[in-house]
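Engineer: Protein sequences, first through last, are from chains A and B.
Numbering-wise (my numbering), the first sequence opens with residue 1 and increments by one.
Numbering-wise (my numbering), the second sequence opens with residue 1 and increments by one.
Errors might be hidden in some of the hints.
Stated by the list, open to error - Residues from chain A shown here face chain B by an in silico Cβ test under 8 Å; the list is partial:
id, residue
1, Y132
2, L141
3, F157
4, S189
5, H196
6, A246
7, I306
Claimed, not checked - The calculated label-pair distances, taken between Cβ atoms and stated as ranges, are:
id, chain 1, residue 1, chain 2, residue 2, range
8, A, A242, B, F308, 42 to 52 Å
9, B, Q116, A, N233, 53 to 63 Å
10, B, D314, A, R143, 54 to 64 Å
Hints listed in this document are in silico derivations from the structure and should not be mistaken for laboratory results.
Only a predicted model underlies this, so the values are computations on that prediction, with no experimental measurement involved.
The beta carbon of each residue, even a glycine, is placed where N, CA and C say it ideally should be.
Number of protein chains: 2
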Amino acid sequence: MFDWISLASKALLLLILIYSSSFMFSSKKWSPKGLHVYITGGSQGLGLGLAKLLARKGAHVSIVARNQTKLDNALKELEANRQSPDQVFKAFSFSLNTAEGSAAALQAASDAHGGQVPDAVFTCAGTAKPMYFLEMQPEDLSRGMENGFWIQAWTAFAAAKQMVRENKKGGKIVLVSSTLGYMSLIGYSSYSPPKHALRGLGDSLHSELMLYGIDTHIFFPPTMYTPGFEEENKTKPVITKAIEAADEGLTPDQAAAGLFSGVEKGQAHITADFITSVFRASTRGCAPRSNGALDFVLDLIALVGIPFWRRSVDKQVLAHRAEHREYLRSKGLVD
Amino acid sequence: MFDWISLASKALLLLILIYSSSFMFSSKKWSPKGLHVYITGGSQGLGLGLAKLLARKGAHVSIVARNQTKLDNALKELEANRQSPDQVFKAFSFSLNTAEGSAAALQAASDAHGGQVPDAVFTCAGTAKPMYFLEMQPEDLSRGMENGFWIQAWTAFAAAKQMVRENKKGGKIVLVSSTLGYMSLIGYSSYSPPKHALRGLGDSLHSELMLYGIDTHIFFPPTMYTPGFEEENKTKPVITKAIEAADEGLTPDQAAAGLFSGVEKGQAHITADFITSVFRASTRGCAPRSNGALDFVLDLIALVGIPFWRRSVDKQVLAHRAEHREYLRSKGLVD
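With the sequences and hints as input, model every part of the structure.
Structural biologist: Next up, the structure:
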């Protein structure tokens, strides 16, 4: 949906990146070597990509997901990325959408490391089910919040409490939102609210957990070519697919690399693609900034470009009216 | 918390407002005269302020809240604002935090008007309970979502479906977020997420409900001197109060006037104070715009001013560390 902006400004971005990178390697980078990292949704997609990357960086890795078979397969992939015989890789099967489930999963992973809370907690679990608002049952909307927000919030809740109890300075909580945590469009009324909510949670915790020396990060990935993406496409409205047709996505490994790079550099809001970076800059508000010069240019690009995008999307939606009315009729939703 | 920015730029804003107002009265304004408006949280605060204003504008007004005594008192206030003997004012006692409760309340108000869904639905219901993340029980976090998001989302859900079934072109759904739907800070981890989620919902519905000719608006009020505000202050952390000490708030009537003015002009994102307007402009992303020139200047103010604000707030939080540790100890939360 954003191809106009890509064509116009990728070159500009490159220049700025080169320019701004000179400011970046001044502060010390975070290294996960020898640390215990905890990754929810670690059996596939972004979570698995991140788990493998952190294994290669020398971390002890705990992954959590529901499906034991997928966890077993993921553990095999972690083994293939092992750097040292000392590294501990463990998988835990838990359902994370309740406070109790998330607390129990974190406790199990802590118990495997002498009862100590992990050094860094990455909440990559979550699913989306795009569909028309008009077609939803109440459960579709509430499950959206459960699978998009609570599944991560409860882990952050348990981890923050335990990190403070153990006075774990330098502990990290890393949430995973989405481009749709910065913006929204037709078809995402059950997904964009939880992803926005995660941003609200991340920004609150960033301000609050600095009291304890705990860092909060939040990642906003674009479309990722994961099993979850294939699942989403089964219910995604045709108009939403049409709007997104020109979008470029990331592989789980690319997204994981972007997430890790942002955490390494200490960025509070992390983006790994150009378009989401434009949205980051133009919705930054008082989010902690990593690179003011870059954000300024991206914000200018947004100021000029996004209104054109908005207008073209609105036009597409309005042009879809008659076809949509037919669709609603076929579903018995209108006479 | 924002006094520096106020001092520096109110004069500038005034100039821009005068300049930009010349663009504004071109399109036809919305008039509620003779329409049926439905207001949740209508027995006090913003909801009551809005109900009285719409009564003065000649609308039929239905208000919904839980407490019957407060509803009765509110009805008396509406009577005092009556313009014509034909106006119908009704009060409905319902609990709105479930899909069923919200649907039943809307149905009751529709039944009082020949079974027709209201012409405009304003979701003003909601409460906040600011507190430290570390002090929360899981219920505090989930109740925050219920009382900040679901209490409005379920009404929007029921109203959108009914408006489409009745093919109610020009129908309006107006959500009420908060300045904390654009930004966040320490103490608001149960409130900022639902208020961000409302923004996600509002932006999704704005894009989707245009299929049916239904308008979606969302209002972002700052501190309002309401009974709810007094309630919030009972649990608000001292550091949050200190950060907010210099903030100026609005009376419920001022906020209602700002909300109405934005709806009248067809603004998708509505703000009624300078600071929230700065946050609106600097978190605009692809939100539909009402005044690009004004937003551009506000965004520049944000680019320069907000980093200073951020730094000063972070400093305040960090300076509070020792005192906070004592507080946690006194509560038995750390050793």
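Engineer: Next step is simple, just say for each hint if it's right about the structure.
Structural biologist: Taking the hints in turn, this is what the structure says about them:
1. Interface restraint check for A/Y132: the shortest CB-CB distance to chain B comes to about 7 Å, inside 8 Å, so the restraint holds.
2. For the restraint placing A/L141 at the interface with chain B, the shortest Cβ-Cβ distance is roughly 6 Å, inside the 8 Å limit, so the hint holds.
3. Hint on A/F157 holds. Least Cβ distance to chain B is approximately 6 Å, under the 8 Å limit.
4. At a threshold of 8 Å, the smallest CB-CB gap from A/S189 to chain B is about 4 Å, leaving the interface hint in force.
5. Given the 8 Å rule on beta carbons, the hint for A/H196 holds: about 3 Å separates it from the nearest Cβ of chain B.
6. At its closest, the beta carbon of A/A246 sits 16 Å from a beta carbon of chain B; the interface hint therefore is violated under the 8 Å criterion.
7. With its C-beta approaching chain B no nearer than about 5 Å, A/I306 sits inside the 8 Å limit, and its interface hint holds.
8. The supplied range of 42 to 52 Å is met by A/A242 and B/F308, whose beta-carbon atoms lie about 43 Å from each other.
9. For the pair B/Q116 and A/N233, the beta carbons lie near 38 Å from each other, so the given range of 53 to 63 Å is not met.
10. Hint check: B/D314 to A/R143, Cβ distance near 36 Å, so the stated range 54 to 64 Å is violated.
Violation of the numbered hints given earlier is confined to hints 6, 9 and 10; the remaining hints are satisfied by the structure.
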